[in-house]
Amino acid sequence: MEALRIESTHKTPRVILDPENGIFEFSGRSIPEDALGFYNPIFEWLDKYAQQPLPRTHVRFDLEYFNTSSSKNILEILKRLEAIHASGHEVRVTWFYDEDDEDMEETGQDYQALLNLPIELSVKVQS
Amino acid sequence: MVASQSELLHEPALSYAYPLYRNMLDNSIIFMYHGPITPDLVVDVLSMVEYRLGDAKEDRRISKKLFNIMVESFSLGEDQRRGHSVLIVRQLPYLYAVSIGRRIPSGVVYQVKAFLDWVNTLSPEQLREEYHRALQTKEADKPQGIGGLPLISILDLARKSHDVLHYAFEYLDDEDSFFSLEARIQKNMI
Amino acid sequence: MQLNNIIFVYQGEVTADLVSSILQMVENKLEGEGEDRKVKKRVFNVMVECLQNVYHHLDALPPTDPSNPVRDKTALLMIGREEKDYFIITGNHVLNDRIPDLKARLDRINRASKEELKQLYQEVLTGTGFSEKGTAGLGMIDIARKSGQRLGYDFHPVNEKYSFFSLEARVSRIPEK
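Sequence lines, in order, name chains E, R and V.
Our numbering numbers the first residue of the first sequence as -13 and each following residue consecutively.
Our numbering numbers the first residue of the second sequence as 131 and each following residue consecutively.
Our numbering numbers the first residue of the third sequence as 178 and each following residue consecutively.
The following block holds chain E by itself, in its conformation from the complex (with noise of 0.2 Å):
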């Protein structure tokens, strides 16, 4: 299977899904024209790799900020892990947020609320 790789532009994040060593990674903004334009292709990637998972997959949040669309298909991508790691194929999840933004660090607790899936919060200090 193929790696899918998604440059950042100054409206999207970079997308990194990497079947070898089972680390993906979301980094930057998201405030897509279409957002469902931009996630699907993610989403199909995941439905084909939730076929043949690794035992262990390692996924990284690190966002900048996003709109609520975007949100609800972070949330899609999530549910689609949180199948994975129920099917027990591990998933591991960091969320990352800075340590002044409040918002994103709620925003990571909405997903812990909301899904059976680890995920974990971890501050970023600024320098």
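Hints are supplied without guarantee of correctness; some may be wrong.
Cut-off 27 Å, straight-line C-alpha distance, at most; resulting in silico cross-link-like pairs (DSSO-like, lysine-lysine) [said to hold, decoys possible]: (1) V:Lys250 <-> R:Lys317; (2) R:Lys317 <-> E:Lys110; (3) V:Lys261 <-> V:Lys323; (4) V:Lys295 <-> V:Lys215; (5) E:Lys110 <-> R:Lys187; (6) E:Lys(-3) <-> V:Lys291; (7) V:Lys338 <-> V:Lys291; (8) V:Lys323 <-> V:Lys280; (9) V:Lys261 <-> V:Lys218; (10) R:Lys187 <-> V:Lys250; (11) V:Lys218 <-> V:Lys291; (12) V:Lys218 <-> E:Lys(-3); (13) V:Lys215 <-> V:Lys261; (14) V:Lys250 <-> V:Lys338; (15) E:Lys(-3) <-> R:Lys187; (16) V:Lys295 <-> V:Lys218.
Estimated spans, in silico, between C-beta atoms of each pair [claimed, not checked]: (17) E:Lys110 <-> V:Gly209: 52 to 62 Å; (18) V:Ile351 <-> E:Glu(-12): 26 to 36 Å; (19) R:Glu305 <-> V:Gly211: 20 to 30 Å; (20) R:Gly184 <-> E:Glu76: 49 to 59 Å; (21) V:Thr241 <-> R:Leu155: 15 to 25 Å; (22) R:Ala186 <-> V:Pro277: 45 to 55 Å.
Please keep in mind that the hints were generated in silico from the structure rather than gathered at the bench.
Please read these numbers as outputs of a predicted model, since none were measured by experiment.
Each residue gets a CB set at the ideal place from its N, CA and C atoms; glycine is no exception.
Assemble the complex: chain E is given as a structure, and chains R and V must be docked to it using the hints.
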């Protein structure tokens, strides 16, 4: 002296420059925009406000909050392909406010008002529950809800601002009314 | 007020970073709407000069003066679009005793033909035109040259010492051949 046609054409915009400036100063408005709200515009407005906050040496927690609220307010604008919305950012010593103004069908004004009044009565816990509910409804990002307004964005704004949402409606004609919504960040509440 | 044609208005201090972010916003906005390349360039150039001009006026204000209606060196920046033109308006406070001179310069600029503007520009540059403080007039001549249209202006009395000076430059949306 007889003013030429071109001189007359020069009149309007110039004649309201001072009243507009006074109005902005009196209402602590730092920025107004009128037009379609595209993601590119959002990015540019954020970067402009970022410099402004940097110059004011604003606390990072407040800046982050303002950014998050701006990003969400913008998603309440009219459809970006055909719509024209109005954005206003206000900066006072003790608060920031972000307003979005747009047309909505006159027929849904009461519904929108009722929704906002209801949102304003919710406790933080209730807001979280309602937000979770809205997040989990299907049809990922189609503007659902009333008159093209994504209600989840309103819930999100209410949650993030820790304050009541301020709103106004102005009747334009039987078809459209003008709706404006202001989310505030009271610095002492953050 | 006829606000329909306004794209954006900024009110506040104008620092270099802010100005560059505002210019960026305007550039992206015109780009995104598929405005003619030449028109875009001219709007941009005229804006740069207008902002430069505002700086100049703000710098000329006494640094601390209780009769100044605003504490900081704040200004107004506005850009709008009409059917035929873009308009760029800047506004800032000036000392009342500067007004006769400013008016004289603006009127002279507005009377000048394209060729005369060019001459005037060179005279000011070499220090022979516009008697005192040579380069003060340079910016406005440059705006007039780049805009290709007459400059609009207005002085609104604020108090016994200050007025609000608005300057309007227009750029035609019909590209030159």
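Determine which of the earlier numbered hints do not hold for this structure and return their numbers in increasing order. The structure breaks hints 6, 7, 17, 18, 20 and 22; every other hint is satisfied.
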